[in-house]
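Once you've looked at the hints, dock chain H against the given chain X.
Chains as they are written, first to last, in the working numbering: chain X, 2 to 483; chain H, 3 to 222.
Hints are supplied without guarantee of correctness; some may be wrong.
[Unchecked claim] Non-contacting residues of chain H with respect to chain X, defined by C-beta distances greater than 12 Å in every case (computed):
id, residue
1, 8
2, 27
3, 32
4, 43
5, 73
6, 74
7, 89
8, 91
9, 94
10, 100
11, 105
12, 129
13, 156
14, 159
15, 188
16, 192
[Stated by the list, open to error] Calculated pairs, SDA-like style, for lysine to any residue (alpha carbon to alpha carbon, straight line, at most 20 Å):
id, chain 1, residue 1, chain 2, residue 2
17, X, 201, H, 175
18, X, 447, X, 190
19, X, 447, X, 389
20, X, 447, X, 370
21, X, 201, H, 123
22, X, 201, X, 190
Read the hints as simulated data drawn from the structure, not as lab findings. Since this is a predicted model, take the numbers as computed values, not measurements. By construction, the Cβ of each residue, glycine as well, lies at the ideal position given by its N, Cα and C atoms.
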Amino acid sequence: MSSDLFLVSNALVGIPAVAAIAVALEPAYRRSAIINLCASGATFLFALVLLVVEPESGGYLFVDDLNIVFVVLSTFIGFTTSVYSASYIDHEIETGRLTTRNVRFYHAMYQSLMCAMNLALLASNIGLMWVAVEVATLTTVLMVGMYRTPHALEAAWKYFILGSVGIALALFGTILIYMAAEPVLGQGYDAMVWTTLMQKAPQFNPRMLNVAFVFLMLGYGTKVGLAPMHAWLPDAHAEGPTPISAVLSGLLLNVALYAVLRFKMLLTANAAAITPGPLMITLGLASLIMAAFMLYRRGDIKRLFAYSSIEHMGIIAFAFGMGGPLANFAGLLHMTMHSLTKSAIFFSVGHIAQVKGTQRIADIRGLTQSQPALGWSLVAGVVAIIGLPPLGIFMSEFLVVSSTFARQPLLAIPLVFGLLLAFGALLLRLTGMAFGEPSRDQGEVKASMWPVYAHLSLVLLAGIYLPSHVVTWFQNVARLLG
Amino acid sequence: MELLTIDIAHVLAGALLLTSFMLLYQDRLSGLINIYTLHAVILSLSVAWQAYYQDAHHLYLTAAIAAIFKALIIPFSLRHIIKRLRIHRTVEVVGGVGITMLIGIFLVALSLVVMLPATASADPLSREDIAFALAIVLLGLLMMVTRRNVVSQIIGFMSLENGLVLAAAGANGMPLVVEISVAFSILIAFIVIGIFLFRIRERFDNVELSELDRVRGGRS
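Excised from the complex, chain X in its bound form (with noise of 0.2 Å):
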């Protein structure tokens, strides 16, 4: 590995843990909220070196054309995150909802949260992966858990038991991939390096590469939030700060995705195993037609989103199990499109939960009238969330619809009737929040909205021109996928 690639992704790891260290021992909130921006914006600037220098790899740590895309994206809304949660926890603090001894907590943890899905994009063993994927699992379940309602504890408990258990369905996977390699490339580091592993692949054991899989898939899938796993997903997005909620469904979601689309490789390169794709179509579609159904239901306006973000993460995971250039890009533009667009939902939801002193759907009224800013960036968040045109997700969703049609009509069926039922739903609540005699205000609020705005230009600009480097290189990565 040249210097300073090393430099560079050992920086990315690096920082965020310092960071987390710092944060630790300062006191005043204020500043630690200031040292949680710039570490994160550091980081964010790592990140993008990446994209110029070229990708290698040596050590724990390695880089190639599909890592970097998530890198780049989990650390721009990393930092954008950060932005927005300085307002949030100033907000917080004043209302008394939280003390200033747990905001350093949450600061440590939210540098630790990234630190660990870096360390899991970068790994360039399977075992590390895993491990980095644990310590985020332990952080958010933490941070979940901040306001020790009894809500907030029952969420980050389920959160934990459903998230612990996947892990170990995970682990057990890992295992049995080394058992696969092991005859092949030697006892050692060697059996779970994925660029050995990748080039090895065709000799390994098929019968024992299915097995693992159909653990990875379910472990991993669990984090993923791909139903019938998902029941941790609402309540976690629900009962934790909302700066955390923006960080899972933008960020947390797409890494153990990524560890499934790694292993997903793995068996596309070996012949004789089953084809990974059915499994994950099937996940996908399930988790969207339940979600969409589950939409009408929900009363409480972050939970709506969090069941949005299963509908997403089953589409994500439906294109990229149907495979092939077409589908690939469109499931990677998604990713990037849903990334941003549910982040910049839950930035505005967070401090429209704050201006209204709840989370209830019915109790929220009128927000275009009272409060302008924050209710019109929800409506543009929900009309580009439901995918219309002309921003990012319609662009995406439309990719994954057309390929989906050209390959296996029968399979666009399911899908777009799930997309009708949920642009239903979420079209349907929205007019209710939105429009119409306001209710009243419980108290004011600073908000931040430059992550809003930065967020959903990004969305529109996708949409009516996606500039020609992006698309070479996600046509790169969708060619690595297979």
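For chain H alone, kept in the frame of chain X given last:
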């Protein structure tokens, strides 16, 4: 000599599986903790035997972690917790022991059917160990599903995790086993501290999960 070595490994793994079955039907919390201690001791012996057989010294460390952390510290703190929560005399209603055992036997058969053909080419020692390990993992999951009490569920999870450590130790020369077992120990420590610190009893009156369900009423 070779055969004897393999036999001893199988006896230990089989004993671990049997202990998993004992966990399934034990309805007293204190009894459950005792059996879990036994589970951890057998795991530690089994891993130590693998370390000896594979001549992998780092596995001795994993065995030591299992012995000290899982067989001493965890049972000790769990006993402390159930005393503090005054549930140490609780007799849990374990519904349908017969059916649970039958499902358990079915799961063992399933794991043998799945794993043995898949690992036909592997080393005989790791081959059967991984089948046992899968059975232990599935039995742990079964226990988590059938029990309503938080402490029993955690013991189910920990027995599941023991199965994973057995699998990792059985995979010839797998690196990172120590790191993984440390990471898991942290996870378990968090769970145990979680029950205690968050004082689920204080918040919910009882550690029954049905009580947790009650909290969810009125939300959608």
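Cross-check of the supplied hints:
With 12 Å as the threshold on Cβ separation, the claim that residue 8 of chain H sits away from chain X holds: the shortest Cβ distance comes to roughly 17 Å. A cut-off of 12 Å between C-beta atoms confirms that residue 27 of chain H is not in contact with chain X; the least separation is 21 Å. A cut-off of 12 Å between C-beta atoms confirms that residue 32 of chain H is not in contact with chain X; the least separation is 22 Å. With a closest Cβ-Cβ approach of about 21 Å to chain X, residue 43 of chain H is found to remain outside the 12 Å limit, as its non-interface label requires.
With a least beta-carbon separation of about 20 Å from chain X, residue 73 of chain H lies farther than 12 Å from that chain, consistent with its non-interface assignment. At the 12 Å boundary, the C-beta of residue 74 of chain H stays outside the reach of chain X, the nearest C-beta of that chain being 22 Å off. Distance to chain X confirms residue 89 of chain H as a non-interface residue, since its nearest Cβ pair spans about 17 Å, more than 12 Å. At roughly 24 Å from the closest C-beta of chain X, the C-beta of residue 91 of chain H stays outside 12 Å, upholding its exclusion from the interface.
At the 12 Å boundary, the C-beta of residue 94 of chain H stays outside the reach of chain X, the nearest C-beta of that chain being 18 Å off. Against chain X, the non-interface label of residue 100 of chain H holds: every CB pair exceeds 12 Å, the least being about 25 Å. With 12 Å as the threshold on Cβ separation, the claim that residue 105 of chain H sits away from chain X holds: the shortest Cβ distance comes to roughly 17 Å. Not every C-beta of chain X lies more than 12 Å from that of residue 129 of chain H, the closest at about 9 Å, which undercuts listing it as non-interface.
For residue 156 of chain H, the requirement that its beta carbon stay farther than 12 Å from each beta carbon of chain X is not met, with the minimum near 9 Å. Against chain X, the non-interface label of residue 159 of chain H is violated: not every CB pair exceeds 12 Å, the least being about 6 Å. Against the 12 Å criterion, residue 188 of chain H falls within the reach of chain X, whose nearest CB is about 7 Å from its own CB. A Cβ of chain X approaches the Cβ of residue 192 of chain H within 12 Å, the least distance being about 6 Å, so the stated non-interface status is violated.
Between the alpha carbons of residue 201 of chain X and residue 175 of chain H the distance comes to roughly 18 Å, so the proposed pair stays at or under 20 Å and holds. Using a Cα cut-off of 20 Å, the hinted pair residue 447 of chain X and residue 190 of chain X is violated, with the two alpha carbons roughly 51 Å apart. Restraint check for residue 447 of chain X and residue 389 of chain X: the C-alpha separation of about 30 Å exceeds 20 Å, so the hint is violated. Using a Cα cut-off of 20 Å, the hinted pair residue 447 of chain X and residue 370 of chain X holds, with the two alpha carbons roughly 17 Å apart.
A distance of roughly 17 Å separates the Cα atoms of residue 201 of chain X and residue 123 of chain H; the hinted pair therefore holds under the 20 Å criterion. Of the supplied pair hints, the one linking residue 201 of chain X and residue 190 of chain X holds, its CA atoms being roughly 14 Å apart against a limit of 20 Å.
Violated hints, in rising order: 12, 13, 14, 15, 16, 18, 19; the structure is consistent with all others.
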